[in-house]
Amino acid sequence: MSAFWLMHAKEWKESLRSYRLIWLPVVFLILGISQPLTMYYMEDLLQAAGGLPEGAVFSMPEPSAGEVIASVQGQFNQIGVLVLVLAFMGQLSGERKAQTDTMILARPVSWGSFAAAKGVHVMGMAAFCYGLGTGAAVYYTSVLYGTVPFHDAISAAGLFLLWLLLVSSLLLLFQVLFASGTAAGFVTIASALLLSLGSSFFAERLPFLPGRLSSVSSQLWMQQPVEGLLGTVLSGAGLSIGLFFCAVYLFHRRSPA
Amino acid sequence: MMHIRNVSKSFGRVHAVNDVTFSIAKGSCTTLLGPNGAGKTTLLSIAAKLLSADSGTVEIDGAAGDLRRHIGFLPQFPQFYSWMTGSEYMIYAGRLHGLTKKEAALRSRELMEQAGLTEAEERKIAGWSGGMKQRLGMAQALISRPSFLILDEPVSALDPKGRKEVLTLMEEWKAFTGILYSTHVLSDAAVVSDDVVFMQDGKIVLYDTMEGVQSRAGSSSIRIAVTPLTDHWCRDLERAPWVRELRQENDAVIVQLESGEGADRKLLHYVTETGVTLTHWETYRPALEDIFLEVMQS
Amino acid sequence: MELLDTFNMQLLLPLLLLDFVLKLSALIACVRQEMTKEKRALWIIIIVFINFLGPILYFLIGRRNA
Numbered sequence: 001m002s003a004f005w006l007m008h009a010k011e012w013k014e015s016l017r018s019y020r021l022i023w024l025p026v027v028f029l030i031l032g033i034s035q036p037l038t039m040y041y042m043e044d045l046l047q048a049a050g051g052l053p054e055g056a057v058f059s060m061p062e063p064s065a066g067e068v069i070a071s072v073q074g075q076f077n078q079i080g081v082l083v084l085v086l087a088f089m090g091q092l093s094g095e096r097k098a099q100t101d102t103m104i105l106a107r108p109v110s111w112g113s114f115a116a117a118k119g120v121h122v123m124g125m126a127a128f129c130y131g132l133g134t135g136a137a138v139y140y141t142s143v144l145y146g147t148v149p150f151h152d153a154i155s156a157a158g159l160f161l162l163w164l165l166l167v168s169s170l171l172l173l174f175q176v177l178f179a180s181g182t183a184a185g186f187v188t189i190a191s192a193l194l195l196s197l198g199s200s201f202f203a204e205r206l207p208f209l210p211g212r213l214s215s216v217s218s219q220l221w222m223q224q225p226v227e228g229l230l231g232t233v234l235s236g237a238g239l240s241i242g243l244f245f246c247a248v249y250l251f252h253r254r255s256p257a
Numbered sequence: 258m259m260h261i262r263n264v265s266k267s268f269g270r271v272h273a274v275n276d277v278t279f280s281i282a283k284g285s286c287t288t289l290l291g292p293n294g295a296g297k298t299t300l301l302s303i304a305a306k307l308l309s310a311d312s313g314t315v316e317i318d319g320a321a322g323d324l325r326r327h328i329g330f331l332p333q334f335p336q337f338y339s340w341m342t343g344s345e346y347m348i349y350a351g352r353l354h355g356l357t358k359k360e361a362a363l364r365s366r367e368l369m370e371q372a373g374l375t376e377a378e379e380r381k382i383a384g385w386s387g388g389m390k391q392r393l394g395m396a397q398a399l400i401s402r403p404s405f406l407i408l409d410e411p412v413s414a415l416d417p418k419g420r421k422e423v424l425t426l427m428e429e430w431k432a433f434t435g436i437l438y439s440t441h442v443l444s445d446a447a448v449v450s451d452d453v454v455f456m457q458d459g460k461i462v463l464y465d466t467m468e469g470v471q472s473r474a475g476s477s478s479i480r481i482a483v484t485p486l487t488d489h490w491c492r493d494l495e496r497a498p499w500v501r502e503l504r505q506e507n508d509a510v511i512v513q514l515e516s517g518e519g520a521d522r523k524l525l526h527y528v529t530e531t532g533v534t535l536t537h538w539e540t541y542r543p544a545l546e547d548i549f550l551e552v553m554q555s
Numbered sequence: 556m557e558l559l560d561t562f563n564m565q566l567l568l569p570l571l572l573l574d575f576v577l578k579l580s581a582l583i584a585c586v587r588q589e590m591t592k593e594k595r596a597l598w599i600i601i602i603v604f605i606n607f608l609g610p611i612l613y614f615l616i617g618r619r620n621a
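Residue numbers (this note's numbering), protein chains in the order written: chain A, 1 to 257; chain B, 258 to 555; chain C, 556 to 621.
No wet-lab data here; the hints were simulated from the structure.
You can take every hint at face value.
Residues from chain A that keep clear of chain C, each with C-beta distances beyond 10 Å, as calculated:
| no. | residue |
| --- | --- |
| 1 | 100 |
| 2 | 108 |
| 3 | 146 |
| 4 | 198 |
| 5 | 204 |
| 6 | 225 |
| 7 | 229 |
| 8 | 249 |
With a straight-line cut-off of 30 Å between C-alpha atoms, the simulated DSSO-like cross-links for lysine-lysine are:
| no. | chain 1 | residue 1 | chain 2 | residue 2 |
| --- | --- | --- | --- | --- |
| 9 | B | 390 | A | 13 |
| 10 | B | 381 | A | 97 |
| 11 | B | 390 | A | 10 |
C-beta atoms are modelled at their ideal positions from N, C-alpha and C, and glycine is treated no differently.
Bound conformation, chain A alone (with noise of 0.2 Å):
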């Protein structure tokens, strides 16, 4: 087995040890299921909670399925992302401030697969616990509300993983460039934000830019036209290639060997 692949297992190992590998996909499965639930029971909830005040009238309308799995994914893009930038941002920084990478660099690898490996375990750990929390979305959704139909729910699936992916990418690079995990972490969030923020700011007159990834994933959900798509594929999946290959050049060029 190269040593690329026996890095990568070692990180799915070190998530099982450290219980992330249990943990993160519960939580994506918890946050997938609780909000169809809550959002079905929510006139039951109000009422429990010591009811309406007199005279108002509930009158939230009846959210169609795919607007039900977009707000799961609101929470996804919310809480998912945060939960996992926080769990994985001392990923890499944490073993070279610990110093457990020396021996390891110290043996005939490539600093290059060092890196790639934990931005692939990372990716692979995203698809995964997202896979899992959209699943279980989906099927509660298909009880309480509907179904959405399956073109739609993949293609939708498919770019909000792209958006995951393109995160990944962009800790690794973090984490290459700085040496403090935490401030690796801060700066993804906050440029993801910024690229969500820039390209709904830029909607109309540049529809192709990759922070549309989730925006857009949420429009295929609920059945609406997207103008676009293909180039906010296409610039999202480079973006996502290039910046993931830039970290792991970047980390493979301070080696000395």
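Put chains B and C on the given structure of chain A with help from the hints.
Quick look at chains B and C alone, frame taken from chain A:
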């Protein structure tokens, strides 16, 4: 042979390593001695390809470039994945060198036994003592049967017992690998090393064999006790041309001999010639501390 | 109780189970981790009594030196 040729490295305006050249033969042990900040760790990191040199080369058997497959490295403060067990770490390390799972497991068991870690090998490293981790550090450096071992302060952090254990391991492993190790504990160097490199302020101030270094300090001293011990006997001895100094200590005499071959034989000859009975004979080799101070001052 | 009846228990059960798994894994990790008695007690209270967020906080902050 491992050749370190004209290696220099600066951090800003500090010349951490300044034009250092020496070689290590397979099956021999070279000690890198020097006070803290002499550039030992920097030099070893360059040799282990963890740091790039500003200039100069490191070669093994004529080949330069990425030599990591020929080298086993132990950093000064080895840090392990503490969530792994000892044998998991060893197998991971071995496989990164291209060993198969089976080979790595076999090699791990062998080295763990040599390092006296067999009982702990299935426990998480998190719970290991400092001495055990140091020995694991030595074992992981050997997993790939490297031609050269580079050990940064392998014994400095250990208690006397642990120090002795690690030095014994080094003595054993010297048979099939060249060892380059650094220390600031001088007495350790005398135990295993063949060659000594004294470093100060990034430069080599002395590079010689262990015997050469010891003879450089000049004379050795001998502590003898004879009966009867008379003032007359001592005075005659003190006048001999091969005696530099004589000091009486209780019922014994400490004779510092002039350097050169055969002075000790002459002393023995004097004892038998004068017809006294020899009850004690003890040779003092010059302490490495003395040589160290002498070299560093000059 | 009336509220509970209106809930579909079959739909609620997985959520309760997941919450249990989250709490249990955090508790196991916390008990196995080396730390002072006071710290452990504090974390156990946080894990047990703060739903959802408690275990997450423990995993993100409480295991920094594990």
